[in-house]
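All residue numbers for the sequence shown refer to the working numbering, where the first residue is 101 and numbers rise by one.
It is worth saying that the hints were derived from the structure and are not from the lab.
Just so you know, not all the hints are guaranteed correct.
Said to hold, decoys possible - Each computed DSS-like pair below joins lysine-lysine, with the alpha-carbon atoms no more than 25 Å apart:
1. K345 - K359
2. K586 - K652
3. K681 - K757
4. K338 - K367
5. K453 - K419
6. K547 - K502
7. K627 - K597
8. K685 - K757
9. K304 - K580
10. K419 - K396
11. K652 - K681
12. K367 - K346
13. K568 - K685
14. K338 - K265
15. K575 - K597
16. K458 - K547
17. K419 - K458
18. K343 - K502
19. K327 - K179
20. K791 - K759
21. K367 - K345
22. K759 - K681
23. K547 - K179
24. K597 - K685
25. K396 - K458
26. K580 - K465
27. K627 - K652
28. K575 - K627
29. K765 - K791
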Amino acid sequence: MKRSPPLPAQHVRGGNIVISTPPLLGRSHQESMAMTSHRQPKRRRFSPAPASPPLDLLADELLFLVLDRVAAADPRALKSFALASRACHAAESRHRRVLRPLRAELLPAALARYPSATSLDLSLCARVTDAALSAVSAASPSNLRAVDLSRSSGFGAAGLAALSKASPDLVDLDLSNGVDLGDVAAAEVGRVRRLQRLSLSRCKPLTDMGLGCVAVGCPDLRELSLKWCLGLTDLGLKLLAHKCKKLRTLDLSYVMISKNSFPAIMKLPNLEVLTLVGCTGIDDDALGSLEKDCNKTLQVLDISHCQNATEAGVSSIVKSIPNLSELNLSYCCPITPSMVSSFHRIPNLQILKLEGCKFMADGLKSIGRSCGSVRELSLSKCSGVTDAELSFVVSRLNNLLKLDITCCRNITDVSIASITSSCTSLTSLRMESCAHVSSEGLRLIGKHCCHLEELDLTDNDLDDEGLKAIARCSKLSSLKVGICLKISDEGLTHIGKACPELRDIDLYRCGGISDDGVTQLAQGCTKLESINLSYCTDITDRSLMALSKCAKLNTLEIRGCPRVSSCGIAEVAMGCRLLSKLDIKKCFEINDVGMLYISQFSHSLRQINLSYCSVTDIGLLSLSSICGLQNMTIIHLAGITPNGLIAALMVCGGLTKVKLNAAFKSMMPPHMLRNVEARGCVFQWINKPYKVELEPCDVWKQQSRDVLVR
101 MKRSPPLPAQ
111 HVRGGNIVIS
121 TPPLLGRSHQ
131 ESMAMTSHRQ
141 PKRRRFSPAP
151 ASPPLDLLAD
161 ELLFLVLDRV
171 AAADPRALKS
181 FALASRACHA
191 AESRHRRVLR
201 PLRAELLPAA
211 LARYPSATSL
221 DLSLCARVTD
231 AALSAVSAAS
241 PSNLRAVDLS
251 RSSGFGAAGL
261 AALSKASPDL
271 VDLDLSNGVD
281 LGDVAAAEVG
291 RVRRLQRLSL
301 SRCKPLTDMG
311 LGCVAVGCPD
321 LRELSLKWCL
331 GLTDLGLKLL
341 AHKCKKLRTL
351 DLSYVMISKN
361 SFPAIMKLPN
371 LEVLTLVGCT
381 GIDDDALGSL
391 EKDCNKTLQV
401 LDISHCQNAT
411 EAGVSSIVKS
421 IPNLSELNLS
431 YCCPITPSMV
441 SSFHRIPNLQ
451 ILKLEGCKFM
461 ADGLKSIGRS
471 CGSVRELSLS
481 KCSGVTDAEL
491 SFVVSRLNNL
501 LKLDITCCRN
511 ITDVSIASIT
521 SSCTSLTSLR
531 MESCAHVSSE
541 GLRLIGKHCC
551 HLEELDLTDN
561 DLDDEGLKAI
571 ARCSKLSSLK
581 VGICLKISDE
591 GLTHIGKACP
601 ELRDIDLYRC
611 GGISDDGVTQ
621 LAQGCTKLES
631 INLSYCTDIT
641 DRSLMALSKC
651 AKLNTLEIRG
661 CPRVSSCGIA
671 EVAMGCRLLS
681 KLDIKKCFEI
691 NDVGMLYISQ
701 FSHSLRQINL
711 SYCSVTDIGL
721 LSLSSICGLQ
731 NMTIIHLAGI
741 TPNGLIAALM
751 VCGGLTKVKL
761 NAAFKSMMPP
771 HMLRNVEARG
781 CVFQWINKPY
791 KVELEPCDVW
801 KQQSRDVLVR
């Protein structure tokens with residue numbers, strides 16, 4: 101049997117593959133070599149092909165998932181991602197759906213760069229002209245479905261006409277605060293036939309004619325806000341109710357609605373949320389005008405500040421809305437037992453807000469008898485709240501999750517004991533300025549309500565033992581303990597060690613806090629986003645260095661902290677790149693050096709207070725390089741000159757509000773002020789005396805209480 105010829109042997113030499121052939125059959129090795137020498141393959145060196153970036157090989161779906169993760173962790177990183185390669189740049193262009201330019205001039209370039217954008221947020225642009233909105237049609241952004249112009253001015257009917265023509269698929273349009281937009285602009289809005297969400301809040305020139313154009317042209321509206329549209333009457337509201345049958349959410353706050361149009365609004369077949377804050381025409385006649393008609397879809401009703409409504413009107417309307425889940429009667433009428441007893445007709449009531457109301461005898465007890473399903477109860481600033489009645493209510497509301505008893509100054513430890521024993525599932529408790537509750541009573545909160553996520557104990561008798569007890573609330577995300585003069589670093593250390601989910605903490609005028617406590621807090625609560633250390637006079641740069649490790653910090657208030665300097669601010673600027681609000685008023689040691697670091701690293705800054713600092717023209721000019729800066733307070737800065745101020749204001753194009761010393765007004769050229777105001781900036785001239793002294797926290801607190809008593 102013949103043997104098969106041996107396969108070629110492979111040898112690896114220096115990373116190259118060499119193939120050697122076997123001897124030819126029937127010939128000697130020398131003959132075989134001689135015959136094959138002329139066709140011996142040459143050795144080749146294969147250089148590896150250039151490797152493609154791994155991200156370039158991913159499908160768009162996977163790249164988009166990566167971009168979603170990147171944006172969730174740090175939105176600023178999207179720019180770095182786009183610079184990684186051409187494929188990443190193209191993917192980021194196709195992925196982005198929301199555009200938020202800092203200036204209207206950037207709009208054409210932004211639309212060209214991101215053709216897949218579906219949402220355009222212009223709220224950072226103080227002034228948006230008709231020409232800027234016309235650029236939308238030039239860029240052919242047919243994908244746009246939402247546009248936010250809520251904080252912009254300078255545009256009118258012509259710009260809205262161009263927008264509506266270029267974006268036929270628009271479903272969401274926010275024109276809030278358009279104080280110059282009237283009926284002509286509303287007529288252009290009515291051309292957007294597919295509109296579903298529209299806000300015309302504070303469009304004060306709007307009349308029934310303009311609203312009629314919207315109602316006829318936009319029959320698919322689901323959500324509409326007409327808050328502060330003072331030119332509207334019952335005629336326009338009736339037409340709205342007749343044409344827009346799909347409305348689910350309607351805000352008519354401070355509108356002149358009366359009993360003539362109220363029944364038509366209430367009969368909207370899909371209405372779920374109705375807001376009537378401050379409507380003087382909502383009286384007992386209007387609330388009782390439904391007679392036997394019943395609205396089975398309405399779930400949320402807000403008639404707060406409707407001072408012409410009484411218990412009779414409230415009792416009447418409750419009969420007509422059996423499926424209500426949220427009722428707001430704040431600052432409306434006295435709460436009587438007879439009125440509350442009618443609430444048994446709304447068995448699904450879960451949220452009841454009664455802020456600023458006066459409770460008559462047994463009025464609060466009636467809530468416990470008639471509203472057993474309530475999960476959120478607000479009694480903030482209510483009079484007539486006593487230990488006996490509050491204890492009875494909480495003992496009956498077994499499902500209570502949120503309770504607000506702010507400024508209920510007559511309650512004592514008795515109420516706190518009842519709350520903590522009956523409502524152990526509370527997730528939110530607000531009890532600012534409950535002066536008669538002792539430190540022992542406050543300790544009960546941490547011992548029994550361990551599920552708390554939000555806790556406000558501002559201006560109470562809280563001490564370190566109380567903070568130690570509160571530290572048991574490991575899910576705590578918001579803690580406000582300002583003006584609690586007995587707490588110190590010891591108590592703050594307990595919070596830092598046991599509350600890793602904390603994102604917002606208020607330590608305003610907590611004079612016993614120093615660097616040690618803030619350092620422990622920053623080390624344990626790395627998710628901090630907002631901290632208020634105003635008038636904590638013992639903190640120094642060491643506290644700011646510790647806080648600089650909290651990368652998500654966006655709000656820092658250190659007003660009246662004279663021992664911090666530019667060194668600490670520099671650390672915060674470099675470590676907290678998301679910083680958007682900074683208050684350094686009366687931080688006398690902060691100078692131009694700190695501002696240079698802020699301008700270099702804090703590109704997300706939107707608001708800053710520099711009053712009484714040692715900043716000069718140099719530092720102020722450096723801040724003008726922050727494109728998104730909108731709000732500045734510059735009062736009693738000795739190093740600022742009129743020329744430096746003028747230069748900074750002219751360069752900083754995104755400003756919407758500036759607070760200045762009234763003395764500067766006469767030193768600045770009127771044409772310059774008009775130029776800055778034309779860009780959408782509002783000047784507020786402050787005439788306050790120069791005051792450097794910092795009052796001790798206990799002295800300030802006593803003076804505040806004396807004023808309150810008077």
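- Query: Which of the numbered hints are not met once you compare them with the structure shown?
  - Reply: 2, 9, 13, 14, 16, 18, 19, 23, 24, 25, 26
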